[in-house]
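As they're listed, the protein sequences go chains U and S. Residues 1 to 248 in the working numbering are what the first sequence lists, from first letter to last. Residues 1001 to 1320 in the working numbering are what the second sequence lists, from first letter to last.
To be clear, the hints were calculated from the coordinates, so they are not data collected in a lab. Given the structure is predicted, the values throughout are model-derived calculations rather than measurements. Check each hint, because a few of them may be wrong.
[Claimed, not checked] In silico DSS-like links for lysine-lysine, alpha-carbon gap of 30 Å or less: (1) U:246 x S:1082; (2) U:227 x U:197; (3) S:1208 x S:1082; (4) U:219 x S:1016; (5) S:1082 x U:227; (6) U:161 x S:1191; (7) S:1082 x S:1013; (8) U:25 x S:1191; (9) U:52 x U:227; (10) S:1191 x S:1082; (11) U:246 x U:25; (12) U:152 x S:1311; (13) U:227 x S:1013; (14) U:52 x U:223; (15) U:16 x U:50; (16) U:227 x S:1208; (17) U:246 x S:1313; (18) U:161 x S:1307; (19) S:1311 x U:246.
[As the list claims (entries may be wrong)] Rough simulated footprint, nothing fancy, chain U against chain S, three-plus residues with beta-carbon under 8 Å: (20) 1037 to 1047; (21) 1084 to 1093; (22) 1100 to 1107; (23) 1178 to 1184; (24) 1272 to 1279.
[Unchecked claim] Covered, in the sense of this in silico footprint (three residues per stretch, anywhere, with C-beta under 8 Å from a C-beta of chain U), are these stretches of chain S: (25) 1022 to 1033; (26) 1126 to 1139; (27) 1163 to 1169; (28) 1216 to 1223; (29) 1293 to 1303.
All C-beta atoms, glycine included, are put in the ideal place defined by N, C-alpha and C.
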Amino acid sequence: MKILVCISHVPDTTSKINFTDGDTKFDTNGVQFVINPNDEFGLTRAMWFKEKQGASVDVVNVGGPETEPTLRKALAIGADAAIRVNTEATDGFAVAKQLAKVVNDGAYDLVIAGRESIDYNGGMVPGMLASLIEANFVANCIGLEIEGTRAKVVREIDGGKETVSTSLPLVIGGQKGLVEESDLRIPNMRGIMMARKKPLNVIEPLDPSAETNATSFEKPAPKGAVKLVDADNVDELVSLLHNEAKVI
Amino acid sequence: MSVIVYTESEKGKFKKAAFEVVSYAKAVADQMGTSVTAVTINAENVESLGNYGASKVLSVNNANLDTFNAKQYASVIEQATKQDGGNVVIVSSSADSKYLAPLLAVGLEAGYVPNVVEAPSSVSPFTVKRTAFTNKAFANTEISTDVKLVGLSNNSFGLVESGGSTSVEEFTPSIPDSGVSVESVDKATDKVSIADAEIVVSGGRGLKGPENWALVEDLAEVLGAATACSKPVSDLGWRSHSEHVGQTGKPVASNLYIAIGISGAIQHLAGINSSKVKVVINTDPEAPFFKAADYGIVGDAFEVIPKLTEKLKAFKAQNA
Ligand SMILES: Cc1cc2nc3c(=O)[nH]c(=O)nc-3n(C[C@H](O)[C@H](O)[C@H](O)COP(=O)(O)OP(=O)(O)OC[C@H]3O[C@@H](n4cnc5c(N)ncnc54)[C@H](O)[C@@H]3O)c2cc1C
């Protein structure tokens, strides 16, 4: 089985979000970038398929040279090879088109992407990719088993979960649950050394046309101060929620 | 030309988000000088959509569509859009709508913007405001394709009754192979889901252990609220992963979010920030949550919450 794991390169969750150029660009100054958390759960699940079922695991990112340390980290965790499509990831549709070419050229059976990336939270790349390559698709995956060409997938739904069966070729949007937090791997020295020797292939993009374009950014208006209610006077909270906030 | 809106139902009944997306579609249609066509799948009482501004309903009734399937549902909406000449398509932010929207976008060759929070600031160029960086910012985003797909953030626009009537047409699309089939569903039917809830009561590590969750559940019951938790609580196995909210869990956009024993870490706040009113109960007055909350009580949850639950019971009984 050939697995491709899509790796999004995103600001660390603790990052302060600021914009430059008249609020038209994300300010990467002082921002640490990491593997998108949802993708890390998927990558770790892919390592399981590699170790237990002999799968090969490649990772891919659509982005500029600045994303290579993130791909190297994925290699250090255990992926066999990395691919970087050398273009700025502008919108989800454009990224999905680039990835579709990578999947078709590499004849992958299973593509593991994240439920969403934590920067733009679009959650659209995996579904669009599946549709473009005419593979099956399951979103919000919290469990994945493969036997031969059959797949059993658990999907989180509003208020619960459902188990579905489908077949390869398959694209999933994964999240925590594919593996547990405690299963995540921190690359060790040996992994980091080996990652330096593994292939990281840079390929040139297709015509990168975008369908959507973020023209400017804004930050939420600053919040007013909290109204404190005395712990011995919860009646007051009930009345504030009813009369002032009007939410009960 | 028309604005197409997909109105979700469950067991025939419209979800609340269905009325919200129609209200939103009506606002978009007014801006564009056109009308709203709603697409329903195995829904009853479809005339009720007229009240929120749908002037036409394409009503699909097909037993093969009783269980949700993203590919089949996306195909139905795609066919309806093409038949009606729709040039803007609106869907909600439910798990199912977010599942089908990317497939629909490819089918319609539509630029897709999810997590939209307001009516378009302009329809030419078509520009909408969406959340980005998990609610830490907004991005004003232009869609340049002929057909545009908008995913509306739940609870961001509200319901607007315009009191109109609607004409209903049966619509019989072709149904593609499913590709994915549901084997079993595990869903608590007696509980409100976080996505649908107007009020969410959430517990953190401050509650010390799973045996203390009756506090959260009792309060949630009085309020008709969904229950949620912080990430460590689900990592520790105190509560199921499906209750984990925040940047790496579920987003919350309720009217009221009550945080009990939650410190208010940046990743937690990012996910719940779109809730309209936030209340925190925490022993530590320095907890960062107090900076993000509208109302707060500095106090011990084990004392405050039972009292609050009692008071709310009395309040509900009086106002019933
Ligand atoms: C990559 C990454 C992603 C993350 N994603 C998320 C996410 O999606 N969601 C999330 O929630 N977290 C997330 N986190 C974790 C986050 O950083 C915090 O660790 C977490 O939110 C803390 O949970 P907590 O508030 O329940 O626990 P704590 O931070 O331990 O806070 C417990 C609080 O309870 C209070 N308390 C104690 N006793 C009482 C009492 N008797 N009554 C009232 N209050 C009491 C304490 O004063 C304290 O403020 C993420 C972290 C990382 C690194």
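Each hint tested on the structure:
1. U:246 x S:1082: Violated - the C-alpha atoms of residue 1082 (chain S) and residue 246 (chain U) are around 42 Å apart, more than 30 Å.
2. U:227 x U:197: Violated - the C-alpha atoms of residue 197 (chain U) and residue 227 (chain U) are around 57 Å apart, more than 30 Å.
3. S:1208 x S:1082: Measuring from Cα to Cα gives roughly 55 Å; hence the hint is violated.
4. U:219 x S:1016: The hint holds at about 29 Å.
5. S:1082 x U:227: 52 Å, violated
6. U:161 x S:1191: Status holds; Cα separation ~14 Å.
7. S:1082 x S:1013: Holds, because 26 Å separates the two Cα atoms, which is no more than 30 Å.
8. U:25 x S:1191: 42 Å, violated
9. U:52 x U:227: 55 Å, violated
10. S:1191 x S:1082: 38 Å, violated
11. U:246 x U:25: Distance ~38 Å between residue 246 (chain U) and residue 25 (chain U) Cα, so the pair is violated.
12. U:152 x S:1311: Roughly 47 Å between the alpha carbons, so the hint for residue 152 (chain U) and residue 1311 (chain S) is violated.
13. U:227 x S:1013: 39 Å, violated
14. U:52 x U:223: Violated, because 51 Å separates the two Cα atoms, which is more than 30 Å.
15. U:16 x U:50: 36 Å, violated
16. U:227 x S:1208: 26 Å, holds
17. U:246 x S:1313: Given that 30 Å is the threshold and the Cα spacing comes to 17 Å, the pair holds.
18. U:161 x S:1307: 34 Å, violated
19. S:1311 x U:246: 16 Å, holds
20. 1037 to 1047: Violated, because only 0 residues of the segment 1037 to 1047 of chain S bring their Cβ atoms closer than 8 Å to Cβ atoms of chain U.
21. 1084 to 1093: Result for this restraint: violated, n = 0.
22. 1100 to 1107: holds (count 7)
23. 1178 to 1184: holds (count 6)
24. 1272 to 1279: The restraint on the segment 1272 to 1279 of chain S holds, since 4 of its residues have a Cβ under 8 Å from chain U and three suffice.
25. 1022 to 1033: violated (count 0)
26. 1126 to 1139: That given contact holds, which follows from 11 residues of the segment 1126 to 1139 of chain S lying within Cβ reach (below 8 Å) of chain U.
27. 1163 to 1169: violated (count 0)
28. 1216 to 1223: n = 1 at 8 Å, threshold three: violated.
29. 1293 to 1303: holds (count 9)
Of the numbered hints stated above, those contradicted by the structure are hints 1, 2, 3, 5, 8, 9, 10, 11, 12, 13, 14, 15, 18, 20, 21, 25, 27, 28, listed in ascending order.
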